[in-house]
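Engineer: Residue-level listing of the chains:
Protein chains: 2
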Amino acid sequence: MALLVQKYGGTSVGSIERIEAVAEKVIRYKEQGNDLVVVVSAMSGETNRLTDLAKQIDPTVRGRELDVLLTTGEQVTIALLTMALHKRGYDAKSYTGGQVKILTDNAHNKARIVSIDAANLAQDLKQGQIIVVAGFQGVDEHGNITTLGRGGSDTTGVALAAALKADECQIFTDVDGVYTTDPRVVAEARRLEKITFEEMLEMASLGSKVLQIRAVEFAGKYEVPLRVLSSFEEGEGTLITSDSSEDDSVEQAVISGIAFNRDEAQLTINGVADTPGVAHQILGPISDANIEVDMILQNVGADGTTDFTFTVHRNDYDTALNILNKVAQDLKARVASGNNRIVKLSIVGVGMRSHAGIASKMFEILANEGINILMISTSEIKISVVVEEKYLELGVRALHDGFDLAEYETE
Amino acid sequence: MALLVQKYGGTSVGSIERIEAVAEKVIRYKEQGNDLVVVVSAMSGETNRLTDLAKQIDPTVRGRELDVLLTTGEQVTIALLTMALHKRGYDAKSYTGGQVKILTDNAHNKARIVSIDAANLAQDLKQGQIIVVAGFQGVDEHGNITTLGRGGSDTTGVALAAALKADECQIFTDVDGVYTTDPRVVAEARRLEKITFEEMLEMASLGSKVLQIRAVEFAGKYEVPLRVLSSFEEGEGTLITSDSSEDDSVEQAVISGIAFNRDEAQLTINGVADTPGVAHQILGPISDANIEVDMILQNVGADGTTDFTFTVHRNDYDTALNILNKVAQDLKARVASGNNRIVKLSIVGVGMRSHAGIASKMFEILANEGINILMISTSEIKISVVVEEKYLELGVRALHDGFDLAEYETE
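Read top to bottom, the protein sequences are chains A and B.
Going by our numbering, the letters in the first sequence line up with residues 1 to 411, in that order.
Going by our numbering, the letters in the second sequence line up with residues 1 to 411, in that order.
One chain only, chain A, in its complex shape (with noise of 0.2 Å):
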């Protein structure tokens, strides 16, 4: 007998007809001999009327009655479900963040978990109780109800495994699982049976459509075995792991996956003095304007000057060339120039570490189809090549392809 933490999306709870048909695939857990603790999100198309109605009132609203407005959402969708599991003869109840109680910081909108108080819920567990919790919801240290932001659920979910050391945190969604690549890219894409938090995070562009990646990271912090499987498909899903070890394949793939992203622009400056500072020289005013910096390359060039080349987000491009233009001529820097249709490539995989040449490998694939290749970046576990944009879907097939990534259907 396991403890389940099984979380249910807006989709997955879409309509009363969807509802109930997660009523029904909670009690077939349940009748294998599970324990569970359910957490649902507000019905889809909910939380948009709620912020429209508020928008009506205020159309920048934020902070502390906009979290009570929001949290009515994930609290009809408990009251819901546990009403059709009590039609189907089973023990359940309802518990909203506070009820808990799902202690949290008091950054409305926006907050963080700080501690979960497990007692009453174990309590019903041990009388053989579903629970069904509102996520994306808490309470602060005065009452006040706050919620966790976007994607919120996931991370309840998490948290809840964790306090109460559940076997496996269960994320239902409208995917059966983490792909190798995006399946609409690669028809060939494989479903992994298995991947490690690391890698999950590292794969944030396909991952991100699949688990928010702030509930990845606590699942790895807490250790949290994470589970994704599809709310309308049987099937096992991707198990998201700490520990890749037990991987019962004697030959492990060498990389997980391959992600990319489309949204990224790249910035250069060319013959900067190569001096203490001009790193901040440079990139401080990007950040005074709000603009997030992904990747980050500095190359030391012939005359003691130094090229410096850094991506950001396609939206922020026009802003980011201007201020780069301005450092540009404070900095006596040759040039600035930009680049808004690149798209960046990216393998990623925990066996990486063991394995030499997995970079020239890739390299190496990507030459063979012609496609130059315009930055390089390389962490533990992911490296990541910047490309012009028409070769995405070229470049994401010729890796997923040369890796063998297909290939190791299990079925």
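Check each hint, because a few of them may be wrong.
Since the list can't tell identical chains apart, any single copy or any two copies may satisfy a pair.
[To be verified] Cross-link-like lysine-lysine pairs, in silico, DSS-like; alpha carbons within 25 Å at most: (1) K87 x K110; (2) K55 x K25; (3) K25 x K87; (4) K165 x K126.
The set of hints was computed from the structure by calculation and includes no laboratory data.
Since chain A is already given, all that's left is putting chain B on it; use the hints.
Structural biologist: Here is chain B on its own, set in the frame of chain A:
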């Protein structure tokens, strides 16, 4: 400077425009130097929407989860009204019933208030905040969400006024006060400036359109001055107090109003042996069928038998008559009969305590119009008669006129 508790019902907050109008109204009272606690209901239609969702799952659903569901309605309103006050530059803070905290028993769907911890509210009021409280809801001692049942927002207002020792509890509704009788029946019906709690309770058939009886009882018990006002028009409304002697008018009206009830039906059993326990033998089976009885009359007959008459709600007439026919056989009574085309007319007034001849004046007025009286029942401050339904309007107008109710115009 006064402390006012104001309650706005579902129609008053039925749209964003109306919520903004309530904000404006609240601010006018605030600007007059008052402290304000504002109790609101769910936006009109919202409770029905939520109930419909629940009924799709289980048409007979009751209990804990229904309360979790329905309380979201008021929670939405408190957030929106507080946002509207913030937008206008006023300090305001919303409270759910649980946040106040309004402690109730655990009778879900019809809970009763046990106590109110007003310390936090008092603190916020001291800092000049406008307090916005969700009506209709509370929590039991274990933190379970409860609702006070139908019309419970009035009760929330009165209970808060009592706990905070407010100067007045103002119930804003869609009528501008309590009238001497229904203006749809008597065009000259006059708004009462003042009425006692007892009169208000006896005028239930009129009053229930304006105020929940339970809130009036509560206000009477804790001597909270209660004022009924219009949400949509300016005006003084009607003040409901325990103290009728404060009335400035030298010549106090003997009666305050004419109430009527067209939902009643009369049942009679004739020629019952006049023995102990006979009333129970007749009404026991009626009560067992969950039928509520209003008026009960027993007359001494001539031949050692008695005639027994009572009234029930018209919807229960057929069931009650069937039961009574069986009872008549068991009791060997002469005959059971009934009439579902009757109405009850009542004159109500604390003044009648000290005035003789009120009853005979009432009977005279009705006799002058050729109206035959079928039943009579009296209490301390009310005299009720049952007459044929066709005489309703004629009877009410004759009494309203005969007791000079229209002539007390103050304008």
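Engineer: Are the hints correct? Go through all of them and say.
Structural biologist: Against the structure, the hints:
For the identical chains of this complex, K87 and K110 are inter-copy neighbours only, at 22 Å across copies versus 36 Å inside a copy, given an alpha-carbon limit of 25 Å. For the homomeric pair K55 and K25, the shortest alpha-carbon distance between copies (21 Å) is at most 25 Å, but the shortest distance inside one copy (36 Å) is not. In this assembly of identical chains, the alpha carbons of K25 and K87 lie at most 25 Å apart only when taken from the same copy (14 Å versus 45 Å across copies). Proximity of K165 and K126 under a CA criterion of 25 Å is satisfied intra-copy only: 14 Å inside one chain copy versus 45 Å between copies.
Against the hints set out earlier in the document, no violation occurs for any number.
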